[in-house]
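Chains as they are written, first to last, in my numbering: chain A, 1 to 370; chain B, 1 to 503.
To be clear, the hints were calculated from the coordinates, so they are not data collected in a lab. Yeah, the Cβ is synthetic: ideal placement off N, Cα and C, and Gly gets one too. Treat the hints with care, as some may be off.
Claimed, not checked - If you anchor each label on the Cβ, the simulated ranges turn out as follows:
id	chain 1	residue 1	chain 2	residue 2	range
1	B	Asp-370	A	Trp-199	28 to 38 angstroms
2	A	Trp-136	B	Asp-118	57 to 67 angstroms
3	A	Ile-2	B	Asp-104	51 to 61 angstroms
4	B	Asp-104	A	Gly-326	31 to 41 angstroms
5	B	Met-369	A	His-344	26 to 36 angstroms
6	A	His-46	B	Gly-363	48 to 58 angstroms
7	A	Ala-6	B	His-132	28 to 38 angstroms
8	B	Glu-91	A	Ala-241	17 to 27 angstroms
9	B	Glu-486	A	Ile-2	51 to 61 angstroms
10	B	Asp-370	A	Ala-241	24 to 34 angstroms
11	A	Ala-6	B	Ser-224	32 to 42 angstroms
12	B	Ala-260	A	Trp-199	52 to 62 angstroms
13	A	Trp-136	B	Pro-126	46 to 56 angstroms
14	A	Ala-6	B	Ala-200	37 to 47 angstroms
Here are the chains, one letter per residue:
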Amino acid sequence: MIRLEARPEPSRTFKWASPLIAVTATVAIGFALFPAMGKNPFDAFHAFFVKPLDSLYGVGELLLKASPLMMIATGLAAGYRANVWNIGAEGQLTLGAIAGGGVALALHGVDSPLVLPLMMAAGVAGGVAWAAIPAWLRTRFNANEILTSLMLVYVATLTLSLLVHDAWRDPEGFNFPQSKLFSESAILPNMLEATRLHWGFLLALAVVAAGWVFMQMSYVGYQMRVAGLAPAAAHYAGISAPRTVWLGMLIGGGCAGLAGVGEIAGPIGQLQPSVSPGYGFAAIIVAFVGRLHPVGIVFASLLMSLLYLGGESAQLNLALPSAVTGLFQGTLLFFLLAADVFIHYRLRGAKRVTRAAVAASDPARKMSGV
Amino acid sequence: MARLSLSGITKVYPSVVANDGIDLDVEPGEIHAVLGENGAGKSTLMKVIYGVVKPDAGTIRWEGREVAIASPARARKLGIGMVFQHFSLFETLTVAENIALALDAERARGDLPARIRDVSARYGLPLDPDRHVHTMSVGERQRVEIVRCLLQDPRLLIMDEPTSVLTPQAVAKLFETLRRLSGEGRSILYISHKLDEIRALCDRATVLRAGKVTGTCDPRQESSASLARMMIGGDLPHPEHREAHAGEPRLVVDGLTLPADDPFGTALNRIRLTVHAGEIVGIAGVSGNGQKELMAALSGERTVADAGVVRLMGAAAGRLDAEERRALGLAFVPEERLGRGAVPEMSLAENALLTAHRQGLVGHGFVRMDAVREYARATIAQFNVKAGGADAVARSLSGGNLQKFIVGREIRQMPKVMIAAQPTWGVDVGAAAQIRQALVDLRDAGVAVLVVSEELDELFEICDRLAVIAQGRLSDARPTRDTNAEEIGLLMSGSFSAMGSEP
């Protein structure tokens with residue numbers, strides 16, 4: 001008989017092995033799934049995981065898509081570690097794009113090195129403002145931030161849609177619902193020739209590093225970790241619960257807003273009805289697959305980015321439906337949560353321990369000769 | 001023929017041998033004590049008997065027959081009942097509903113309320129089957145648990161530390177019931193670390209230490225000191241207690257009234273209390289009478305609207321939160337160690353930072369990790385905490401050692417007022433003595449100390465003045481030497497008129 005037994009201490013090995021197990025299991029599911037869809041699994045995996053990276057351009061795309069993911073996931077992780085469940089990063093990203101885009105449009109034609117910093121500041125402010133709504137509702141009315149932040153995603157995307165359909169629509173855009181193309185001064189400079197990779201990637205790495213310093217080394221970060229691990233201990237120590245909620249939400253919102261600016265000032269270059277293929281939601285998976293830890297988040301964002309690219313490539317090369325991307329994302333999270341059980345539990349066969357084995361496990365007793 | 005006979009029971013956990021070749025015989029009609037410190041293996045042994053834990057080696061004989069007790073249901077079928085230290089009752093259900101839930105289908109049928117009344121009358125355990133559990137005192141809840149066991153007609157009843165939540169009077173009543181049960185030929189296994197009780201009640205005692213039987217004796221023939229020697233392998237240390245030199249009032253509570261913050265909590269009613277520099281004031285009482293709420297209101301975890309109701313060092317502190325009260329010189333040892341006094345997953349160093357950050361452990365908003373580790377190391381050394389160093393996670397420590405660390409962490413901040421809630425609850429005898437000594441030393445150094453405890457012996461040992469909390473009201477504090485256990489026990493049951501307090 002096999003049963004689960006609680007470990008005396010959480011396993012450090014499984015804490016890091018569990019994402020690898022999840023990836024392996026996801027790949028295994030793929031091997032079962034592709035033949036069922038009438039594709040050779042090796043071709044499919046080649047299209048999914050190798051083809052996207054067989055050129056410098058592909059690698060650039062990988063890093064390009066990983067940038068917003070790691071940036072948002074870092075912000076979300078700060079909140080998650082404090083038990084603040086911001087699910088609305090997609091909306092905060094959109095608000096960041098609206099605010100940053102508004103600056104870009106207002107300063108259209110202005111050739112100044114200050115345009116980009118201003119856009120970023122506006123983007124952070126937009127994301128923070130959008131995250132402040134659920135934070136206020138939670139601290140003032142105890143409204144569940146999971147629900148409020150999620151619902152605000154739809155408000156945000158519809159607001160953006162309204163703007164590009166109406167007030168901010170490009171008058172010379174043949175009635176397409178999109179804004180004017182931003183001026184050169186509002187576009188993040190390219191980082192690597194022959195790719196679309198821009199300096200937002202380094203910005204994202206900087207955000208990850210800053211997130212690590214904040215959570216691991218600052219006193220406020222320590223207080224947030226305490227609040228997440230043991231709310232009663234935080235209360236006992238006089239760590240303000242409302243402040244923890246505010247910080248957790250606003251940090252996530254700010255990072256998402258900045259990522260929004262990275263999108264419109266990067267590959268998109270204008271405002272469109274949709275500025276993100278669900279980065280705000282995928283970043284939730286990134287945060288958890290990355291164990292809410294900066295190094296983990298960097299790797300997880302690369303993996304998630306590869307899933308995006310692989311999905312596109314599989315569509316183009318194998319005529320697979322785009323839903324395959326979502327399927328892999330979901331499968332990955334599913335297996336991760338399942339494997340996480342082994343951090344706190346282990347499998348045990350119900351074997352009998354003999355007296356000899358007991359004596360052997362107790363060296364002190366052997367030495368005393370009893 | 002023994003009713004229950006264990007031989008060579010052994011249970012090994014990954015890090016510890018909890019039971020190591022234990023032999024134990026329980027005769028019919030015998031009240032048999034199992035005595036030992038926390039961590040001696042008492043609970044594991046009881047779980048083995050009740051079928052919760054499967055032993056790795058050894059045999060169990062029940063009335064002469066070798067049996068394997070695979071589950072509590074199997075244990076109950078054999079005729080073994082157990083009353084746990086922590087009750088498992090649903091507060092929103094009635095007594096009869098709670099009992100019906102625990103009984104086998106065939107026993108739950110029929111007129112259950114009548115049978116409950118019958119059993120409770122027969123054993124002197126008055127109980128109304130239609131009452132809701134949340135309206136009942138802890139003593140009454142224990143009665144529910146005992147009646148629930150008795151309805152299954154057990155021939156062996158296991159009682160796990162049953163008196164830790166009772167007033168002295170309630171303890172006397174419980175003993176009467178237990179004697180009546182043993183008179184009917186039922187055997188009782190009585191788990192405790194309270195030596196006086198065991199000497200008063202039990203026919204035989206098996207003493208455990210570090211998972212092994214260190215002796216079997218007739219406790220009525222032994223002294224508390226000789227039992228203690230068997231239990232801890234040495235003499236029981238006693239704190240020195242000199243006369244108090246009370247100074248100026250440091251903690252003053254003046255008419256604190258506070259509604260309960262949850263439906264099953266206790267409202268505080270016009271509480272008045274003064275603790276002076278250089279004295280220890282004790283608050284006795286059965287748990288659930290407002291201790292939790294009073295502690296929260298004093299520590300600042302709950303604030304009160306009228307700032308002047310709680311004064312610390314003369315400053316109105318009612319509206320200050322826990323952090324601000326600490327800044328005034330308050331230190332607080334909470335009742336729960338893991339999860340409140342310490343973060344289980346964090347290292348001792350990080351846990352030192354929890355309240356001691358004012359000791360130069362934070363600079364420019366950043367944690368000074370070297371200073372934090374040094375603070376933890378010094379605490380570990382000064383208070384003899386057995387731990388794998390400053391980086392050991394709090395969860396890995398035994399209850400007593402973690403409590404020593406928490407007490408040490410608070411004391412080393414050189415507080416002006418120290419509040420300790422149940423400072424030695426669940427702590428082994430040696431560590432408890434150390435913690436009491438530390439509180440007495442603190443008092444001698446001129447700190448105002450307030451101790452809330454359910455252990456009357458402890459309060460009488462260290463306190464200069466004693467008050468009693470019952471149903472959210474606090475009696476006047478009176479000098480310890482002018483009172484006695486009887487009087488305190490009466491107050492614990494809520495009869496304040498004897499004290500001349502307003503009703």
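Hint by hint, here is what the structure shows:
{"no.": "1", "hint": "B:Asp-370 / A:Trp-199: 28 to 38 angstroms", "in the structure": "holds, 37 angstroms"}
{"no.": "2", "hint": "A:Trp-136 / B:Asp-118: 57 to 67 angstroms", "in the structure": "holds, 59 angstroms"}
{"no.": "3", "hint": "A:Ile-2 / B:Asp-104: 51 to 61 angstroms", "in the structure": "violated, 29 angstroms"}
{"no.": "4", "hint": "B:Asp-104 / A:Gly-326: 31 to 41 angstroms", "in the structure": "violated, 50 angstroms"}
{"no.": "5", "hint": "B:Met-369 / A:His-344: 26 to 36 angstroms", "in the structure": "holds, 27 angstroms"}
{"no.": "6", "hint": "A:His-46 / B:Gly-363: 48 to 58 angstroms", "in the structure": "holds, 54 angstroms"}
{"no.": "7", "hint": "A:Ala-6 / B:His-132: 28 to 38 angstroms", "in the structure": "holds, 34 angstroms"}
{"no.": "8", "hint": "B:Glu-91 / A:Ala-241: 17 to 27 angstroms", "in the structure": "holds, 26 angstroms"}
{"no.": "9", "hint": "B:Glu-486 / A:Ile-2: 51 to 61 angstroms", "in the structure": "holds, 57 angstroms"}
{"no.": "10", "hint": "B:Asp-370 / A:Ala-241: 24 to 34 angstroms", "in the structure": "holds, 30 angstroms"}
{"no.": "11", "hint": "A:Ala-6 / B:Ser-224: 32 to 42 angstroms", "in the structure": "holds, 37 angstroms"}
{"no.": "12", "hint": "B:Ala-260 / A:Trp-199: 52 to 62 angstroms", "in the structure": "holds, 58 angstroms"}
{"no.": "13", "hint": "A:Trp-136 / B:Pro-126: 46 to 56 angstroms", "in the structure": "holds, 53 angstroms"}
{"no.": "14", "hint": "A:Ala-6 / B:Ala-200: 37 to 47 angstroms", "in the structure": "holds, 38 angstroms"}
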